[in-house]
Structure formats: C-alpha cells, structure tokens
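Dock chain B against the given chain A, drawing on the hints supplied.
Each chain is listed here by its residues.
Protein chains: 2
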Amino acid sequence: MPAEAPRTVTACMLIIGNEILSGRTQDENLRYVALGLNDVGVRLMEVRVIPDVPDTIVGTVNAVRKAYDYVFTTGGIGPTHDDITSECVAAAFGVPLHRDPQAVAILEAYIPGGLNEARLRMATVPKGAELIQNPVSAAPGFRMENVYVMAGVPAVMKAMFDNVKRALKGGAKMSSRSVRVELAEGLIAECLSKLQDANPDVEIGSYPAMRRGSFGVSVVIRGTDEAKLDAVLAELKKGLVALGGAPQDETAMLAGAVR
Amino acid sequence: MPAEAPRTVTACMLIIGNEILSGRTQDENLRYVALGLNDVGVRLMEVRVIPDVPDTIVGTVNAVRKAYDYVFTTGGIGPTHDDITSECVAAAFGVPLHRDPQAVAILEAYIPGGLNEARLRMATVPKGAELIQNPVSAAPGFRMENVYVMAGVPAVMKAMFDNVKRALKGGAKMSSRSVRVELAEGLIAECLSKLQDANPDVEIGSYPAMRRGSFGVSVVIRGTDEAKLDAVLAELKKGLVALGGAPQDETAMLAGAVR
Numbered sequence: 001m002p003a004e005a006p007r008t009v010t011a012c013m014l015i016i017g018n019e020i021l022s023g024r025t026q027d028e029n030l031r032y033v034a035l036g037l038n039d040v041g042v043r044l045m046e047v048r049v050i051p052d053v054p055d056t057i058v059g060t061v062n063a064v065r066k067a068y069d070y071v072f073t074t075g076g077i078g079p080t081h082d083d084i085t086s087e088c089v090a091a092a093f094g095v096p097l098h099r100d101p102q103a104v105a106i107l108e109a110y111i112p113g114g115l116n117e118a119r120l121r122m123a124t125v126p127k128g129a130e131l132i133q134n135p136v137s138a139a140p141g142f143r144m145e146n147v148y149v150m151a152g153v154p155a156v157m158k159a160m161f162d163n164v165k166r167a168l169k170g171g172a173k174m175s176s177r178s179v180r181v182e183l184a185e186g187l188i189a190e191c192l193s194k195l196q197d198a199n200p201d202v203e204i205g206s207y208p209a210m211r212r213g214s215f216g217v218s219v220v221i222r223g224t225d226e227a228k229l230d231a232v233l234a235e236l237k238k239g240l241v242a243l244g245g246a247p248q249d250e251t252a253m254l255a256g257a258v259r
Numbered sequence: 001m002p003a004e005a006p007r008t009v010t011a012c013m014l015i016i017g018n019e020i021l022s023g024r025t026q027d028e029n030l031r032y033v034a035l036g037l038n039d040v041g042v043r044l045m046e047v048r049v050i051p052d053v054p055d056t057i058v059g060t061v062n063a064v065r066k067a068y069d070y071v072f073t074t075g076g077i078g079p080t081h082d083d084i085t086s087e088c089v090a091a092a093f094g095v096p097l098h099r100d101p102q103a104v105a106i107l108e109a110y111i112p113g114g115l116n117e118a119r120l121r122m123a124t125v126p127k128g129a130e131l132i133q134n135p136v137s138a139a140p141g142f143r144m145e146n147v148y149v150m151a152g153v154p155a156v157m158k159a160m161f162d163n164v165k166r167a168l169k170g171g172a173k174m175s176s177r178s179v180r181v182e183l184a185e186g187l188i189a190e191c192l193s194k195l196q197d198a199n200p201d202v203e204i205g206s207y208p209a210m211r212r213g214s215f216g217v218s219v220v221i222r223g224t225d226e227a228k229l230d231a232v233l234a235e236l237k238k239g240l241v242a243l244g245g246a247p248q249d250e251t252a253m254l255a256g257a258v259r
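Sequence order for the protein chains is A and B. Quick note on the working numbering: the first sequence kicks off at 1 and runs consecutively. Quick note on the working numbering: the second sequence kicks off at 1 and runs consecutively.
To be clear, the hints were calculated from the coordinates, so they are not data collected in a lab. Possibly wrong hints are sitting among the right ones.
These stretches of chain B come out as covered by chain A in the derived footprint (C-beta under 8 Å, 3 or more residues) [what the hints assert, rightly or not]:
hint	segment
1	21 to 27
2	44 to 51
3	107 to 116
4	180 to 194
5	215 to 224
Residues from chain B shown here face chain A by an in silico Cβ test under 8 Å; the list is partial [said to hold, decoys possible]:
hint	residue
6	R31
7	A34
8	L35
9	N38
10	G41
11	G78
12	T80
13	D82
14	R119
15	V153
16	A155
17	P208
18	A209
19	M210
20	T251
Beyond 12 Å from chain B on every Cβ pair, some chain A residues (computed) [claimed, not checked]:
hint	residue
21	V9
22	V58
23	V95
24	P96
25	H98
26	N116
27	R121
28	V136
29	D162
30	V164
31	E235
32	K238
Just so you know, even glycine gets a beta-carbon here, dropped at the ideal spot from N, CA and C.
Chain A extracted, bound-state conformation (with noise of 0.2 Å):
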C-alpha cells in the first residue's frame, strides 16, 4: 500500500475591529499569527476584516468554521460595550453565555480594584467553551470546537496564540527556500515559469522590490520535501546565472521572517 500524502490542515483568521478598517490602527496581528501556524504545520489559507457588526461577525464565523480545520479570531473580548466576540460567537453555535467560575477566579485574583459588571463581561463565554490563559493581562480567550477566540491587543494576542499553538494538529510542514536577484522579474520569468511547471509539487513566488534604489526579485519556493526544495534551488540559481545573474541566497539571512 503506497504511503498516503499527508493532508494539508488549513485555518482562517478573522480580524474582528473597525480600528482595522478604519486605518487607525496598523494590524500586527496576522503576520504572527502566519508563521506560527507554519510552524506547527497548519496553512493559513484566508484572513478576514471585519467591523464590530453582530451579523456579520455571526455569519462570518459560522461561514469559515465549516470550511476550514482552525478558526482563529483576534479583537472584540474586552469590557466594554463594543467587545461583542463573545456573545456573536455563542450565537454563532446556538448556546448561551454563561460567566465561568475559573475565568471570574482569574479575575479576582488579577485585578486589584475588585470586579464590576463590565469586568464580569470578560469571564462570560459561551456554554462549553474552554478557557486560553492569557499571562499578560489575565483576562483569558476561548476556544468554542475549532473556533479559537483571542485578544485584538498585539501583546496578549501573542502570548494567547503560543499558548494554543502547540496543542494544534498539524499536517506536512512548509519549509521555504528564498534567492534574491538584480534582474527583472520580466526577464526570469520564462526561467520561473518553466521551473514551476517541471516541479508542481513546489509553489514558486516571485516578489519584486526596491532595494537600495534599485529593483529586484526575490524568488521564494516553498513545499513540504526538503531535499526537492534543495534541487529546484540548485536549477534556479543556475537559471538565474545563465540570465546573467548573481544569486543571492536569502534562506539563512531571513529564517525566522521568509517562509
């Protein structure tokens, strides 16, 4: 029996907050949210933006829950009145709110002016959901199934996300190999092209951008086989060579950043 390809485990992220959409605040949410899924081998497939409005927050997490393995969201959980996460997100699974002792223990032990009715609102979730610790301020997440609710402030978002990350199942790993080259992205293209289609278990980017006053193109390929990736390397730079360029490997220089 031939050995099956391992399934590729998907996720969307939703971006809950008119700070977003009115360009008040410059999100930096997605991008961590991106790589550490790639880490734990999960692709982030769709992000979506969307306005504090309760149905559209409703229909928006029952539309991706379906279609996607992980839901992650960002933004909405706080005291105030325009944090309605929660209460989209129970209705989203048909259940009630309801205040969970843990989440009010947390609470009460954080804050040092005592709860009120509007601290009380960040220990009330939906009916079987299960708390995300949240080290920076206390105040936790929740995960409802597959739908992974979090903080929008970057800070507590991120100590949230590293807390559920390891717990996610994940499929095949992405790795990446990056060159950057001064030559036209209109000049390699043939040579991209022609590689991409003799390799299509490979997805190969071509990104240009200016650099020290000048153009030029980083190639990015990525796929689960590190020895394939090693060769479709190897036959680009040569590629780039025979258009007269001088390769640069980018790979090491941007681990951590280029995936």
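Here is chain B on its own, set in the frame of chain A:
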C-alpha cells in the same frame, strides 16, 4: 420633505497573495487604502486576504463585487506565472482577456530591454477594462466596472490608488475625535456604554494599549456630524474626569493616523 440621510458608500479590499498568508510579507496596503477611502467618504467594510488560487479569486471577486459599491484588489498583476489576477478577474466577469494597445505602448516606452511574452502579460487585461496609470513602474492596473485591480508592491499600489481615489463617488465623510486616558478599560466601560446608548449616531470605540509601560485606553468617536462629535467629546471628557482620569486629546496629535 425631510432631507434624506446621505447613503453610506461601501468598499471591500482583496489582498491577493500567498506571501501575505505565509507571513513572508507584512501588508502595508490595507491601512493606506483605509485612510484614503475615508478621505473621500467611502467606508471600508471588509478586507479578505486570499491565496493565488484561481477558483478562490474568481469566486471571491464575484461575491464581493455584488455586495459592495467598490472593490480594490492588490497583488498578482506582474509578468510571472504566479500573477493570475487579471485572468481571474476576466473569468469573474465572463469576458475574454485582450492585449490593450495603450498598455503595450506604455510598456514599450518604459522598458529599455524591450518587450517579451512575459512582459506583454502586463498589457493583457479583461476586455472592457479601463487602465489605471502607474507612475512608478509603468505597468498599469485596471478597472472593470466597480473592481479596481492594483499592484501589490506598496510604492506602486499607493501611486495607483492615489490616481483612482479622486474619481470615487463617496458619501458622507467620517470624522473622528480621540482621547487617551490612563484608566483601566474596566473602570470606564460603564461611562462609555451610557454615552454610546445616548448617542447612537456616533460610533464609540475603546482601544487599550500599552504606553510607557502602563495600560491606558484610547477612546475614538467617529461620525459624520462635526458638531455632534465635539459635543460627545466634551461629554466624554467630563465623564472621564469624574472617574479620576486626566483625558489627553489625541485628535490633533494623531490627525492623519487616528480616524
């Protein structure tokens, strides 16, 4: 006859590219488009980041172009094999691709090395499309009905967007006021909630953020009526002072950034 409330003109942005979803590239275009749309009275209601997968692009373009007044796409219009946005937009509209003579002329004048098949892909647009000029690197974007197709490289995207922005037909323009206060969100939540209930025609957002080592809150009031915004701001400041805060006006300080 009472004056009709100005209609809200809506937009959706599609960020097309594996490099954003893999975490390789930090998106810089969303915020630029969000702030620019605000300037002309168009509200960005949703953003989707999607991969370089034809069915996904075609399906998403068709879903959002019917749901919103304007759609702006970024990414996937270069000369390489992974640049598939133009053909996907043609498929979404059910029209053939064609080589646009004006685009060919632009590229001929700009590219000293001359045109090849790869570069001519950048002059190949859906039949009926109108070109969007690119003062940075010549290769144009295009508009098909309410869908504006732009480059992903930020310098190019921004120049294209500046070109199309002027011609958009916006509705009522959103303005904003913002104050920062060094009080916990849980303490000011009730005050904000009452203010929001009493003023349903403005949108009050509460954004906690670490600054100089302590958690404080920025409160943003958005709406279309300047006098109303000033009135709600005054009430808000009074409420925050009553809670022991010393609210700092951020409206002017962050003009152009906080909206």
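Restraint satisfaction for G41(B) [CB to CB of chain A, less than 8 Å]: With a minimum Cβ separation of about 13 Å from chain A (threshold 8 Å), the hint on G41(B) is violated.
12 Å Cβ clearance of V58(A) from chain B: 15 Å, holds
Interface exclusion of D162(A) relative to chain B, criterion Cβ beyond 12 Å: Correct as stated: the minimum Cβ-Cβ distance to chain B is 15 Å, above 12 Å.
Cβ separation check - P96(A) to all of chain B, threshold 12 Å: The claim stands: P96(A) keeps its Cβ more than 12 Å from every Cβ of chain B (closest is about 21 Å).
Stated coverage of the segment 215 to 224 of chain B by chain A [criterion: 3+ residues, CB within 8 Å]: Result for this restraint: holds, n = 3.
Interface hint for M210(B), Cβ within 8 Å of any Cβ on chain A: With Cβ-Cβ at 6 Å, under 8 Å, it holds.
8 Å C-beta test of the segment 44 to 51 of chain B against chain A, three or more residues: Result for this restraint: holds, n = 8.
Chain A contact restraint for R31(B) - C-beta distance below 8 Å: 5 Å, holds
Exclusion check [V9(A) not at the chain B interface, CB over 12 Å]: Consistent with the label, V9(A) stays out of reach of chain B, its closest Cβ about 14 Å off (over 12 Å).
Given as non-interface: E235(A), partner chain B, CB spacing beyond 12 Å: E235(A) is indeed farther than 12 Å from all Cβ atoms of chain B, at 15 Å.
Minimum Cβ distance from R121(A) to chain B greater than 12 Å, as the annotation requires: With a cut-off of 12 Å, R121(A) comes too close to chain B, as the shortest Cβ separation is near 8 Å.
H98(A) and chain B, when compared Cβ to Cβ, separated by more than 12 Å: 20 Å, holds
Going through the hint list in order, the structure does not satisfy hints 10, 20, 26, 27 and 28.
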